[in-house]
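Residue numbers (this note's numbering), protein chains in the order written: chain Y, 3 to 297; chain H, 5 to 427; chain R, 585 to 885.
Since the hints were made in silico from the structure, they are not lab data. Using N, Cα and C, we set each Cβ at its ideal position, and we do this for glycine too. There's no promise every hint is true.
Derived contacts from chain H toward chain Y, CB cut-off under 10 Å, selection only [unchecked claim]:
| # | residue |
| --- | --- |
| 1 | R42 |
| 2 | S69 |
| 3 | T70 |
| 4 | T72 |
| 5 | S77 |
| 6 | G80 |
| 7 | T86 |
| 8 | S90 |
| 9 | S138 |
| 10 | D140 |
| 11 | C262 |
| 12 | A285 |
| 13 | E286 |
| 14 | E392 |
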Amino acid sequence: MTTATVRARIPHRKRSVRRRVSSIVLSVIAVIVFVCAAFPVYWMLQTSFQPNNEIIGSQVNFWPKTFTFRNYETVLFATDRAQFLPALGNSVIVTVLTVVIALIFAFLASLAVTRFRFRSRKSFILTILIVQMIPGEAMIVSTYRVLDDWALLNTIAGLTLVYVATVLPFTIWTLRGFVNGVPVDLEEAGMIDGLSRTGAFWKITFPLLAPGLVATGVFGFIQAWNEFLLALVVMSRPEMMTLPVWLRTFQVAHGTTNWAAIMAGSTLMSIPVIIFFLVIQGRMTQGLVSGAVKG
Amino acid sequence: MRKLSFVALAAAAAITLAGCAGGGTKTPAADDGPADIRVWLVGTDTPQDARDYLKTTFEKENPGSTLTIEEQSWTGLVDKLTTSLSGSDSPDVVEVGNTQAAAFTSSGAFLDLTDQYKALGGDDLLPGFVEAGSYDGKFYAAPLYSGSRLVFYKKDALAASGLTVPTTLAQYISNAEKLAADNPGKSGLWWPGQDWYNALPFIWENGGEIATFKDGTWASQFSSAGSIKGLEQVQELMTKASTAPKDGNETNPQVGFCEGTTLQLSAPSWVKWSILAAADAETPGCPDQESNLGVYALPGADGGAGQVFAGGSNIAVSAKSAHPGLAVKALKIILSDGFQTIYGKNGLVPAKVSLASTLGTDEVAKAISSAAGNARLTPASPKWADVEASGALTDFFVQIAQGGDIPSLAKALDAKIDGILNG
Amino acid sequence: MSTLVNRRARFTPYMLLIPATAVLLVVIGWPLIQLFIISFQEFGRAQVFGAPAPFIGFENYTKVLGDPAFWNVMVRSILFCLVNVVVTMVGGTLIALLMTKVNRFFRLLLSVGLLLAWAMPALTATIVWGWMFDTSYGVVNYALTNFFGLDFHAHSWLINPLSFFFVATVIVVWGAIPFVAFTVYAGLTQIPDEVMEAAQLDGARSTQRFRLIVFPYLKSIFLVVTILQVIWDLRVFTQIYALQGIGGIREQTSTLGVYIYQVALGSGEYGIGGAIAVITVFFMMAISLYYVRQSLKEEQL
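With the hints as constraints, model all of the structure from the sequences given.
Right, here's the structure in full:
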């Protein structure tokens, strides 16, 4: 071994030690981040399995002392207040319709603004951007009247229509980036190969767009699933309630707040979203990047 | 591209169709025929017995018609009533808080019931609530029930400190402070900062007012000499006698009481049932404390019953009701002796003076009737509901509870309330 | 090509825009016009029930602009937005970088944690956090008192406005970081390995490496994500509204969305609420002018 190689190896070893230390430190940080991110979810779950009289007291339990399903029974089957299952049904229908319709409409619109040059194209894009800045809280009464004029109060169609309009600007805005990212040449190449324009679209463009559609759809999903102010006034009949409104009835139902039941209700409201996110997670991030980078 | 344009048109058509389908279910207004009447009751104050009574009686008297009770929550009620009562899908009969009623009687949201006044009970109806439900000489909203605020206390704690049930407001204050001093860490009087209803008697008993009306303008009176004196007492109690959260609201009063950290609390009469709820109830109470649970009406400055705030509800028919005839029939059942007696049995003051005896004769009943005898209302302005909804009062008392400077806070509050009432 | 095809092509974009435009016109356009008209009227609850609404010129606007409460709300909203955007962006980027540095297992762990936080609806998230920060029964006070020996017994987190916004920031940032982290991480994975390796060989320090190599690659991602965060955080409603229901002083903690709601629906002053909304839109347009200009320039290409 020459002195030169020894000299060269020492810093190398030092570096690998340093690397190992830093990798341990980073792993520890990762665990801390995980705990911070997941703890509220854990806390919601564990509270929801405790009897109400054990969670309001001087002792705080980090794990249920008495494990009970009672809160879920209360939330799911109590007949003296709004029912969970109809509210779940309404929420699912409204959300799915909102996402599907918004995506279709937004896709058509983004085709128009990316694939064509026409007058008033720019002002359309500008409008789409400005509309996102309007505080919706101020328009509730006007929106309510529009729906009333169309006899859409207390209907799935009415709430869906409002939600579609709320998420459309953002959906068009983002989808535009994805459609832009699919080169026209590809479609044209397909047409030369004997496909019709629609055929070329379905076989070539659509698969490339799928992640983008998923990524944009997620935002419509979140919006429609969570919104409660419009849902509160538009769906005034109890059987038309959506989940956020249903959850609110628990928060203020009696002079007494049943925290355990609220946590059980929150859990039930969150589960569908968590499942949905787990299913689409991979596609979504893929979509987010391609949209942002190319947009 | 033609196909795509077609898709676009089809989608637009689908939306329109969906709209039509949704609207097609509506039946034209027909007052005589059988129909479904929607009644909005707020909160859980109205007992299940009363709800069943209303539904079965109505459906028996009006064969073919049905009555649906839809429970609403107090939070955001004014918002929801504003939209729902103005729309075509309006509920028929609605309950509204007595302090909120003026917002709707003055805006034409309710059906004019002046010619039904006699049939609904006439002068037997609770006068303060009739006033709250009237506007411009017309009668819009009938009383539904009244709840009074009582003071609940632990008999053993009072005895341990050598105290007796107070007979004057001054003694009430000194009692609470003595209890707090003798039991460090506990509330001699549990009083969360947002609970402003309990502060009103102190203002009234010291000669203050909430707001006065003169020459067409309202003047908020929180910074008047009498009010300031009352507010100082409020602050003293909140800071010295209460360990309740300074920005908390009045929910779950039973928890501290059952844990033993609350020795006294002032609350609506139904809180008795929260305290005595079974230990395995959804929101458990402590029934074993029943013999230790005492109750009295808030004493006045010069003895006797204090002037407390009369909480409660009014009930009215929506001006947009598609079946006003049936709605009025439902209203008559609600104001009938049969229905109102159920309130009395459940510790709420019935809408009719003549039914006061249904409250019974126990300690609570006695306290209720002496409190109700001296109950007062908030200013009879159509905009008072907006003052409550603005949150100015809860903000104010939260700041008082924190030990804020009373004269300057009161002045700012007066300016804000003047702005709303005269705006 | 025949003129027929050309003509069809000329109409196609308009056909494609019909469904979206129709929905927007009916549900946003029409109410927006009404809102604009209302903002020049005396429009209270009586007008909702059909009373005539007199025009009062700019009175609503002068009332709003002359009200210190409005300016307080405005400044508060902007500060809240700035803090939240900065914390979210920095935190999200750091977590994204962390994800590239740790091994597969820890990366998965991080993803799961972030996903849970992301999937939690804003309303339930606020309720759960509010419960954790509860004055009497919250786990935060309990832990600080019993594990760290601090006196947080019955400490109210919401009563002091700064502390209220601390809690609000925790909730908003907690919910927003996953989106930023996932997006930035996905962007990082697209930077070619050769580029990063070349930089390492050159001996570039890590901060320098980030600034000179990573950042330019992700510039467009950062721009889009930041704009979205600004729009969302300025309009934040659910978290503040729900948190005010739990505690705190509304007057000192309202942000724009909640303030408009309180004025319009809470107090029945729809005319004034409309004026605030119009002012807000103009204000937001002004601050996003740069971005709008940039995007329009790109559109010309």
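What are the numbers of the hints the structure violates, in ascending order? 2, 3, 9, 10, 14
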